[in-house]
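Heads up, the sequence shown stops at 218 in full-length UniProt numbering, and the numbers go up one at a time, no gaps.
Since no wrong hints were added, every one of them can be taken at face value.
Simulated pairs of lysine to aspartate or glutamate, EDC-like, Cα-Cα distance not exceeding 20 Å:
1) Lys74 <-> Glu126
2) Lys122 <-> Glu151
3) Lys74 <-> Asp119
4) Lys74 <-> Asp97
No wet-lab data here; the hints were simulated from the structure.
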Amino acid sequence: MQAPAATQETATSVSQLPNAAIDLANRMFNMARSGDATLLEYLGAGLPPNLTNNRGDTLLMLAAYHGHATLVRKMLEGPSSSEPAAEHGRSWAGHPDPNQLNGRGQSIVAGAVFKGYADVVKVLIEHGADPLAGQPSAQECAQMFGKWEGESGFRQLFEEAPGRGAGAREASAAVEDREEARRIPGVGLQHQSHQDTAQDLTPSDNTNSSTGGPNPQR
Numbered sequence: 001m002q003a004p005a006a007t008q009e010t011a012t013s014v015s016q017l018p019n020a021a022i023d024l025a026n027r028m029f030n031m032a033r034s035g036d037a038t039l040l041e042y043l044g045a046g047l048p049p050n051l052t053n054n055r056g057d058t059l060l061m062l063a064a065y066h067g068h069a070t071l072v073r074k075m076l077e078g079p080s081s082s083e084p085a086a087e088h089g090r091s092w093a094g095h096p097d098p099n100q101l102n103g104r105g106q107s108i109v110a111g112a113v114f115k116g117y118a119d120v121v122k123v124l125i126e127h128g129a130d131p132l133a134g135q136p137s138a139q140e141c142a143q144m145f146g147k148w149e150g151e152s153g154f155r156q157l158f159e160e161a162p163g164r165g166a167g168a169r170e171a172s173a174a175v176e177d178r179e180e181a182r183r184i185p186g187v188g189l190q191h192q193s194h195q196d197t198a199q200d201l202t203p204s205d206n207t208n209s210s211t212g213g214p215n216p217q218r
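Go ahead and model the full structure; you've got the sequences and the hints to work with.
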């Protein structure tokens with residue numbers, strides 16, 4: 001009976017965050033979207049590794065959905081002994097969870113499959129992502145969009161995944177993401193440049209609206 005109370009307390013505390021904390025969280029979300037490695041320094045300084053926005057997207061999901069394989073790998077592996085943070089005795093509070101779902105029940109690895117980022121998919125699977133988690137799962141997504149069989153398919157990778165069947169965690173208490181508030185589902189940011197508009201209106205994004213494929217909010 002104590003778990004629900006703790007969850008409610010967490011949700012309440014998140015909703016009562018001061019503007020300065022929300023501003024900082026939004027900077028972190030944008031760093032994840034842009035692949036900014038500075039995000040790693042904040043994680044080393046104690047930033048919650050599973051910081052979640054109001055769409056249920058974690059920092060890891062935002063980085064993965066935008067195809068930043070190098071950042072995704074570094075987030076999952078944590079600081080190495082050669083990095084300044086480790087030399088100064090700092091350690092991460094934890095690692096991002098590759099199996100935390102977003103608010104729509106979608107997994108991080110399924111989103112990467114849908115977007116066609118094979119390098120991101122491989123990194124996530126190597127670090128325990130479950131290809132069977134979420135709705136639709138990464139495996140279902142691969143089968144649905146012709147990315148299952150063949151030399152470039154994910155069948156072998158998913159069937160041998162170390163995290164296969166591990167399950168997933170529901171989205172945690174969220175922090176308002178002001179960037180998301182400016183976005184139109186399937187289109188992108190309002191008042192954006194023509195170049196950005198063209199990028200957001202990719203065939204894969206339009207396909208999602210008719211197929212129901214994974215589409216973590218950008």
